[in-house]
Amino acid sequence: MKPLKEYTIPFVGLKLGLHSFEYEIGDTFFEHFEYDEFNTSAIKVDLEFNKKTTMLELRFTAKGTVNVNCDVTNEPFDLPIENEFFLVVKFGEEFNNENEEILIIPHGEYEINVQQYIYELIVLGVPSKRVHPGVEDGTLKSDILDKLEELSPKEKTLENDNEEIDPRWDKLKNLLNDK
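Per the numbering used here, the sequence shown starts with residue 361, numbered consecutively.
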């Protein structure tokens, strides 16, 4: 996958200290990753970039909404997203991203691309089970919920309790009481 230029930060020209970057993440960003779980998205990612003499510290903060389909009713709804991620970038002999919180890049590097970290920050901020808020508070009216209610098991009525019980069950219940 080709890195997107707007997510590449040339840190060699930056002064030591704190720098801020803002990214507006929309549908085209996720199309680049071929991720189609979101109907639409509007997310703001703030990146606090702290350049130090021997390392870089990156703090990502994502806030916004993604429009997803409910896992229960398949109704689309806007799901608020809020997530944070902290990354330390150190310099070493060769590239190493095995540790999720520490990235090691070669000494000669002069820029870092943050698109993969932004993508993971947003995707991992979405809960694994997405339930429409109307389902949770009972205000959503949909055909699927009506059908689920219709097909759900009903409680026994008193008429069913008065039916004759097979005497073999009584004998089994006596075994439990004979202890």
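Hints were generated in silico from the structure; no laboratory data involved.
Model, not experiment: these values are computed from the prediction.
Some hints here could point you the wrong way.
Stated by the list, open to error - Below are the EDC-like pairs computed for lysine to aspartate or glutamate, each with C-alpha atoms no more than 16 Å apart in a straight line: (1) Lys404 / Glu366; (2) Lys489 / Glu435; (3) Lys533 / Glu510; (4) Lys362 / Glu408; (5) Lys501 / Glu435; (6) Lys411 / Glu469; (7) Lys404 / Glu417; (8) Lys404 / Glu382; (9) Lys375 / Asp406; (10) Lys404 / Glu444; (11) Lys375 / Glu442; (12) Lys489 / Asp431; (13) Lys412 / Glu460; (14) Lys365 / Glu382; (15) Lys450 / Glu435; (16) Lys489 / Glu391; (17) Lys423 / Glu366; (18) Lys450 / Glu417; (19) Lys411 / Glu480; (20) Lys450 / Asp431; (21) Lys404 / Glu480; (22) Lys423 / Glu435; (23) Lys423 / Glu382; (24) Lys450 / Glu469; (25) Lys423 / Glu384; (26) Lys362 / Glu397; (27) Lys423 / Glu444; (28) Lys450 / Glu460; (29) Lys365 / Glu444; (30) Lys507 / Glu435; (31) Lys423 / Glu442; (32) Lys375 / Glu471; (33) Lys489 / Asp438; (34) Lys423 / Asp406; (35) Lys423 / Asp438; (36) Lys404 / Asp431; (37) Lys365 / Glu384.
* Asked: What hint numbers does the structure not satisfy?
  -> 3, 4, 7, 9, 11, 13, 15, 16, 17, 19, 20, 22, 26, 29, 36
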